[in-house]
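Engineer: Chains as they are written, first to last, in the working numbering: chain E, 30 to 142; chain X, 36 to 149.
Since the hints were made in silico from the structure, they are not lab data.
Do not rely on the hints blindly, as some may be mistaken.
[Claimed, not checked] Calculated lysine-lysine pairs in the DSSO-like style (CA-CA distance at most 30 Å, straight line): (1) E:K82 with E:K99; (2) X:K103 with X:K84; (3) E:K82 with X:K87; (4) E:K86 with X:K148; (5) X:K84 with X:K148; (6) X:K148 with X:K91.
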Amino acid sequence: DAGITQSPRHKVTETGTPVTLRCHQTENHRYMYWYRQDPGHGLRLIHYSYGVKDTDKGEVSDGYSVSRSKTEDFLLTLESATSSQTSVYFCAISETSGHNEQFFGPGTRLTVL
Amino acid sequence: GDSVTQMEGPVTLSEEAFLTINCTYTATGYPSLFWYVQYPGEGLQLLLKATKADDKGSNKGFEATYRKETTSFHLEKGSVQVSDSAVYFCALRRSYNAGNMLTFGGGTRLMVKP
Numbered sequence: 030d031a032g033i034t035q036s037p038r039h040k041v042t043e044t045g046t047p048v049t050l051r052c053h054q055t056e057n058h059r060y061m062y063w064y065r066q067d068p069g070h071g072l073r074l075i076h077y078s079y080g081v082k083d084t085d086k087g088e089v090s091d092g093y094s095v096s097r098s099k100t101e102d103f104l105l106t107l108e109s110a111t112s113s114q115t116s117v118y119f120c121a122i123s124e125t126s127g128h129n130e131q132f133f134g135p136g137t138r139l140t141v142l
Numbered sequence: 036g037d038s039v040t041q042m043e044g045p046v047t048l049s050e051e052a053f054l055t056i057n058c059t060y061t062a063t064g065y066p067s068l069f070w071y072v073q074y075p076g077e078g079l080q081l082l083l084k085a086t087k088a089d090d091k092g093s094n095k096g097f098e099a100t101y102r103k104e105t106t107s108f109h110l111e112k113g114s115v116q117v118s119d120s121a122v123y124f125c126a127l128r129r130s131y132n133a134g135n136m137l138t139f140g141g142g143t144r145l146m147v148k149p
């Protein structure tokens, strides 16, 4: 299994509070991704990174920011959480572009009350 | 833009039944196609993939053939087991895709009864 961990695994928070989710990899892969999973929508890309300090927006980036100061860590921040951000969040990693697959972390279940 | 459409679930089968989960896509160029599986409480795992037309991906008894003429990548298994109960996602990656990004379908839940 690819070495990907996510923390926390579960979190309950209140509307308006800031939340940071962490993804940590031990594979030294260049690309890292944050997705959210919601019923009926599959996985939707929030943000991705193609290197240290290099990030770009995905399909559903509004209300989220990311940072990558080290190859192994990719942080997702909700500056002011809303109930619509209640979801399961998955981190994924990939080697350089081409026919390489993405490897997924175990997920973080976030509930915003 | 790119999109992937899967049959809605849940799909409920008896053990040893034949499985088909339909997947069709819309994309420009020649995308690569994937099936991922998600077991309860876990992240997604790659099940199989195909990178060009008429390729057949296979793994653990599952198969899918890349059909460009029908823009489809249907997942099949001849005899399902209870342990195959999971959510299955079809996904594509566009040919020219600097970020190696995937577009996912909505997922199909499979329930296999003994």
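Engineer: All hints are to be evaluated individually against the structure, with a verdict given for each.
Structural biologist: Now the hints, each set against the structure:
1. For the given pair, E:K82 sits about 8 Å from E:K99 by alpha-carbon distance, which is consistent with the 30 Å threshold.
2. Annotation: proposed proximity of X:K103 to X:K84 holds, straight-line Cα distance about 14 Å (limit 30 Å).
3. Using a Cα cut-off of 30 Å, the hinted pair E:K82 and X:K87 is violated, with the two alpha carbons roughly 34 Å apart.
4. Between E:K86 and X:K148, the direct Cα distance comes to roughly 41 Å. Violation of the 30 Å bound is thereby established for this hinted pair.
5. Distance hint between X:K84 and X:K148 is fulfilled; the C-alpha atoms sit about 27 Å from each other, no more than 30 Å.
6. Proximity of X:K148 to X:K91 is assessed by CA-CA distance (about 28 Å); at most 30 Å being required, the pair is judged to hold.
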